[in-house]
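A.B. asks: Let the hints inform the model, and build the full structure from the sequences given.
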Amino acid sequence: MRRHPPRRRATTHAHRDHHRPRAATTAATRPEPRPSDRGLRRETPPPRSGRRTGCRRDDHPATPGPPSPTTHHDIADLDALITPLVTAINPALIATHGVGTETAGQLIVTAGDNPDRLRSEAAFAMLCGVAPLPASSGKTHRRRLNRGGDRHANCALWRIVITRLATDPRTRDYRDRMVKQKLSKPEIIRCLKRYVARETYQLLTQPTQRLDEP
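Residue numbers (the working numbering): 862 to 1075.
Quick caveat, the hints were computed from the structure, so don't treat them as lab data. Some hints could be false.
With a straight-line Cα cutoff of 27 angstroms, these simulated BS3-like cross-link-like pairs (lysine-lysine) come out [what the hints assert, rightly or not]:
| hint | residue 1 | residue 2 |
| --- | --- | --- |
| 1 | Lys1000 | Lys1043 |
| 2 | Lys1041 | Lys1000 |
| 3 | Lys1046 | Lys1000 |
C.D. replies: Structure follows, in structure tokens:
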């Protein structure tokens, strides 16, 4: 048996114009602006620092190759805005070897407005993704990479470690000792990030105290 398609409901002009009188009534009852307000013009709020730099970058579209001078100017402007804020919040952190303005700002943001909520340095290490995770098997005792936590904070700790490996003699001595114990370079960097997390935790919760660098 052949089925016929359902019939569509016929749409009349009266049905289409059903809402038109209501819209006309709404427009008619809308209050008109007062004569005293017609000549006023709203003041445009001052642009924020991010919008200002964004507009500047829009004038120069991204092209492959080295960054343009405008990008360097934007970075310098943002550093000039961030540096006094970070210094006022935690001067001991910004004075630590290997900690720059962006790194300190990221760690402060990760700790939050209430660093006391972090129960211990182990909790802060887990928050930053540098807590060691056991991955032993049989007679092999090792720890694997922790892929959790705040990756921006993890990157900040990584920058501190790389800077100290290049400029700090004590960190180099620690690396040489670990190399003799047959640890790979990634494993050494993980250990150093854990030490740096312990130091920065003390600086974030108790800015007056400073620990010795590894």
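A.B. asks: Next step is simple, just say for each hint if it's right about the structure.
C.D. replies: Hint check results:
Distance check on the hinted pair: Lys1000 and Lys1043 sit about 16 angstroms apart at the alpha-carbon level, within 27 angstroms; holds. Proposed proximity of Lys1041 and Lys1000 is supported: the alpha carbons are some 20 angstroms apart, at most 27 angstroms. With a C-alpha separation of about 22 angstroms, the suggested pairing of Lys1046 with Lys1000 holds against the 27 angstroms cut-off.
Violated hints: none; the structure is consistent with every hint.
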